[in-house]
Amino acid sequence: MSLRWTPQFKILGVLGLFMLWASINYSNNGAYFVLFLLVSTVVTSGFMAWSNLKYVEMDCDTVAEGTAGADLLLPVRIRNSGRRQIEALRMDLPGFEILESSADVGMVAANDTLSQRICLPLKVRGKFRINELIVESDYPLGFWRCRKRVPVSVEVWVYPKPEGGLPWPEEVEVDDDHADELGSHSGDHFAGHRDYVEGESQRHVDWRAFSRGKGLLIKDYRGGGSGCAVFDYQHVPSRGVEQRVSQLAEWVGQAFLDDADFALALPGHQIGPARGRNHQRTCLRALAEFEPGGAKT
Amino acid sequence: MNWLRGLRLPRADFMGTFGLPVLERSMVMKALGCFGVAVLPHTFHLTPWILLLAGIVVAWRVASLRKLLRLPPGSFFAAAIPVLVLGVAVTYGTVIGRDGGTALLVGFFCLKMLELRNRKDFLVVTGVSYALILAAVLFTQSLPMCLYLLFQFVFTTSCLVRLHGRWGERPQRTAMRLAGSILLRSLPLAAILFLFFPRLDAQLRFSPFDPASGFAESMSPGSVVGATGDRSMAFRVEFPDGDVPPQEDLYWRGVVLARTEDGMAWERIPQGVGGQVPRMGSGTDFPEGWVRYEISLIPSFQRWVFALDYPRAWPSNGEMHVGGVVGWPYKIRSRLKYSMVSQPGYLSREMTPGLRRRYLQLPKDSEITGRMRDLVAEWRRSSATDQQVLERALGFFREQGFAYSFRPGNYRRKALDTFLFERRRGFCEHYSGSLATLMRLAGIPSRVVLGFHGGEINPYGDFLLVRKQNAHSWVEVWLDETGWVRVDPTSVVAPVRLTGGFGMLEEWLGQGWLIQLAGLEFELFPPGWLPDPLDAGLETLTDRIDNLNRIWDEWLGYDFGAQVRLMRSMGVEQSPVPGLLGLMAGAGGLVLLFLAWWTWRGRPEQAPEDRYLAILCRKFRRHGIERKPSEGVATFLQRIGKRFPEKHRELESFSRDFHEIKFRLSCPDRRQRFDRIREVVSRL
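Chains as they are written, first to last, in our numbering: chain P, 2 to 298; chain D, 374 to 1057.
So here's chain P without its partners, still in its complex pose:
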């Protein structure tokens, strides 16, 4: 924990010097007492600011995920293990910009736990690490700001913003070894849509098409081979790195929603083919960390 004076303290210090001058100049004991009472109040409020944060404890999840261009909501649990309520708490994350209104925690009742969602506007993709949470307060009088640092270890994955309107890449055949990994499919090559028949499994319903108002359609896979889409960085028509990465993220997202098999090929290595949430997360993390020169953030 640390205690620092605020700009308000410095301004009051100047006022205090004027007050001292007036007290000396008029030899006025009343003025001296007012000055000393003010000085003591400021000093005492420092101790109170300290004891306000004395019983704060904090923790949060170890992993957080978000997408560049959107806001990440990081849930933080704040516990007050003391007998007095804690007033005017404010959160801070060093190195991160926090939405002002979400940083304001306010009051935590005695022996209570509060869950605060800190909103971090995410701007660039990458992998970041939060090593400490800071809670601070200038309660009660604002002359001192008390800060408490709680060490944590949070991985923050900021995935590329999925965007880009390029067509789906050609699917390729995969060998049997990979086909085993992919699991069962009646057909592996997406061939189009057909109407949903009542009683049929909803597994292959195209929910995205449904959301666009096209009704319930089934994604039809044909062919007995084990075909899958390979999202290759090198084959994305030449644009900037970020546009390429965004396009790949868009395809990864679509493939996940379509429950399709896909592989992500980045210079030097390939992920997959596979499907499912874990595979999608692996690909997105690779894209988040991707650097054209091979260096990772």
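Be aware that a few hints might be false.
Stated by the list, open to error - DSBU-like mimics (lysine-lysine), calculated; alpha carbons at most 35 Å apart, straight line:
no., chain 1, residue 1, chain 2, residue 2
1, D, K841, D, K737
2, D, K1001, D, K1035
3, P, K149, D, K1001
4, D, K992, P, K55
5, P, K11, D, K704
6, P, K55, D, K493
7, D, K992, D, K1035
8, D, K1035, D, K1020
9, P, K162, P, K220
10, D, K704, P, K149
11, P, K124, P, K162
12, P, K149, P, K11
13, D, K1015, D, K992
14, P, K55, D, K1035
15, P, K11, D, K485
16, D, K841, P, K11
17, P, K124, D, K493
18, P, K55, D, K1001
19, D, K737, D, K787
20, P, K149, D, K1035
21, D, K737, D, K704
22, P, K149, P, K55
Derived by calculation from the structure, the hints in this document are not laboratory data.
Dock chain D against the given chain P, drawing on the hints supplied.
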């Protein structure tokens, strides 16, 4: 994500200048309260236009809160600030120092209230409020005022607590309670700083910006009587030997005025040391009839002190000036307590040719009319001695229809002539000024003495209280046979002024208290407004309050000498300043260590409700029921209730009371609930 969008949308509405959040309505109201509480103690001395400005500001601000008026634009302040500074400079003659500085501060405070929009502005409001507390004690340190200022301190602090605690809806009394607790915690350190911070003021003598409202060194019609509404203390006198002279002998000599231009307005001529009155050391035995006394004087901002007529012994740092004025080596800017010895009835024989010329100086020729010369010439013709001339003059005032009046109207052209031959209404300045001039016309040296007369004996504290309303002026006339003789023409016109003190004079004139508020004079409590028993009760109460003020003043009179005495009594024999600084650092350090220990000490004891819960858990553990780490209290109690249905009701009562005490912010019947919990736990 929608909830976040909701937070972002009103950003444009609640963000004000410099991107700081606009104050909520309740905080603006608090700032208005802070403003009112801070300005109130200054209404007694501020010029009316500043008070009018304050009233307009409050009305404007309230109207803006009700959306009836808009707040002024920035250009308004650019124009208002120079006007304000100019106005204060013209009214007070300065914009610094106690009077002008306070007026300017209040003026800026008014403008700031119109500019109040965000937290930063609110902080300025509280800062100015603290500064105005200090400004208020520069004007008066009476006990009621100090109590009020303590309230103002707590109120201002509570506003800071509200601001930083973001206490939107919580009641003000909660903030006041917390502010009061901060004050109580601060008192020990404040007391240590107060006791040991070296009072070096008398030695340092900073360039002063002294107020204009100290005791005057000149007299003009209205200057003395202007204090008639001021019941505040001028000085307090204690007579260690218990001999209080009779009321008619209580002439408290201040300064001697010798020069006049028109016969009515008089001023002091700077006079050097060299009074011929023999100086005597204090602490010796004095002849019979001499009076020993101690005066506690409020800051007079002059280099002389008051003494009972006629001073014969004075403190070692005082010195006797020409005219029987006791000079002081520095301006008296703080309360001063000093011992004196006087000899009532003593006639000074201090006269030299130079002094005679000075005390015979006449007003301008244009002010001396033929009637005046004829009158004096007639007195001189019909009198053999100066004494007889003086008696003729007093007879003139006694027999020619002169009257004492608080409101004689303004005397403008030929003031002396108009007073003597036409209007014949006046108060002590008129009578003393005119008699001294007439004596000089008759060739008799004379001078005007400015001081106080009378005082009220306080039976509870055995002291004499001289109020500012006791201000008085009289004349001293040189008679070759006897020396300087005190003559009070006012007593000839209004004898009760001499014997009954000022209170009786008010009654005699049929006039109540005149009080001054914002430069205007109001009459309060006309004589007889209270039935006699209540009047006596009020008098007793007033005496008791005056006595309390005396005790309070003893504290306020704490000075460098008292600090050194305190230091010696604690066994510190070092030189004063390092010794005091050492004591301040040592005692202050101890207080800080205690505060630190209090703050850092271990985890507080278990809350009482938790203690009872722990007892309950222990009791049921014996029956094999253990509370799981993640189990809530209600669930746990329900589980016990299922196992022991006969205890269901008690467990339910415990659960209800426990949750009420623990989780409700305000639990009015907390004590009863604790009693119930205790009872349930003991029964279980």
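Which numbered conditions among the earlier hints are violated in the structure presented, ordered from lowest to highest?
Of the numbered hints, 10 and 16 do not hold.
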